[in-house]
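The chain contents come next:
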Amino acid sequence: MIINKKYFLLFILVFQSTNYSQTDWVRWEKSDPTYQIAETYLEREYDLSIKSAADVIVKPIINTYWFFISDVDGANCPFHPSCSSFLVQSMKETNIIRGTLMFFDRFTRDTNAFGRHEHYPRFGTNHYYDPISLYTLDATKIKYIPTNTFIKE
Amino acid sequence: MLKLFFFITLLSSLIYSQQIDFNSPSNIKLFADYLFCDKDYFRAIDEYEKYLQIVEDDSVQFKIAIGYSAINDQSNAYKKFSSIKLTSSFYEQSKIEMLKSLYLQNIDSSYFLYADILTHSQSPFSNNAYRLKNSSLLLIKNDLPEKENFLIPFENEEKKSLSNFYDLKNNPPYKSEVRAGILSAIIPGAGKIYTYDYGDGITAFILTGLFAYLAYTNFEHNHPTRAWIFTAIGAGFYAGNIYGSVASAQIFNARVNFEFNEGVKLFLEEKNYFVPTNDFCK
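Those sequence lines, one after another, are chains A and B. Heads up: take any position in the first sequence, counting from 1, add 1486, and you land on the working numbering. Heads up: take any position in the second sequence, counting from 1, add 43, and you land on the working numbering.
Calculated directly from the structure, the hints in this document are not laboratory data. It should be emphasised that the depicted structure is a prediction, and the values quoted were computed from it without experimental measurement. Backbone N, C-alpha and C define an ideal beta-carbon position, used for all residues, glycine too. You may find that some hints are simply not true.
Claimed, not checked - Output of the computed footprint for chain A on chain B, the stretches with three or more beta carbons under 8 angstroms from beta carbons of chain A: (1) 94–105; (2) 237–244; (3) 269–282.
Kindly generate the complete structure, drawing on both the sequences and the hints.
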């Protein structure tokens, strides 16, 4: 039996298009990407619960500062964690006196704008990594990270 | 015409078709060798394993182990090296490779036990094991042996580097935490300068000096409230700087330890852990 050329061509076309057609449509689906830079500094732990004496004094001040100044002003602290978060975390880690001393020392480092590139590892795109664990005066907790290291957010 | 076309198509497909048996043992090995020399160790190991199912070959077993070692899968590398038979020409070398794998996994008691066994064996690589063992002593906290005994297994060119490492281990250039604190108590910022944090030291001096001056002038001009606020802030910077200087000395010492360990590791890596290398890709 001689196959009709027209039907044969049609068959091949249908066969080709069904067998080799695109089936993975997920990657082509519409998406709504955000181009906004992730603002991790805004992930504040707004909390007024009192667990120690330090919380009575520090938490209201810090929460007020975050709400009325820092969150409005933007992520201007060059460090991660930011100076205010550093204060809260250092007091949680140690006590009110040592936490205060750690904060004043951090604030001195924050004021010094020179030589940061050679001194701190980087955190994310534009912050220096300066964790609390380096300053608790517990040598076993110090994990030295070389300055040219990039730490992902 | 149509028949001629079909004939030519059929004929050419028969005559010029691929005749090579890619799955023959020799071709599998050839491909595996190519991948191995191309440093594609993952796929090379797969091909070598395929080859070993057909042919028994100790050099291929050794290459598989080398491949695992190269991709830093030291656990599998150790297993493969230990499976090399006593009759193989790679047997002795596999022993020192096993020591290297143990070192790269963890420097623990089993590593030192095996290093001791190998050092005191009749192996042609016993001195290599001795050198690796002594070098890795630098990375643990135990007391080192006497310098002369420590340097015995090393060659002259290595002795200089190892001697420096030995001296650094025994007398690391640490900064005293107490001295840093006292210096900052005497002159604000001096402790930080002592630990080479010049910028922080100068900033601490300026901040403390500035608030002390503000407090002084406000007391002098009879503004006690402002004066006490500046006194509190100045005192905070002063005390914080003493605290920070101690912390800075600790961080400095942590950096000294880190750089020392990295230096020893780099030295050993450059020396290939005193393990002889085979050039399988000539």
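Status of the hints after comparison with the structure:
Closer than 8 angstroms: that is the beta-carbon criterion, and the stretch 94–105 of chain B has 0 residues meeting it against chain A, so the requirement of 3 is violated. Only residues whose beta carbon comes within less than 8 angstroms of a beta carbon in chain A count, and the stretch 237–244 of chain B has 4; three or more means the coverage holds. Judged by the Cβ-Cβ criterion of 8 angstroms, the stretch 269–282 of chain B is covered by chain A as claimed, because 3 of its residues qualify and three suffice.
In this structure, only the earlier hint numbered 1 is contradicted, and the remaining ones agree with it.
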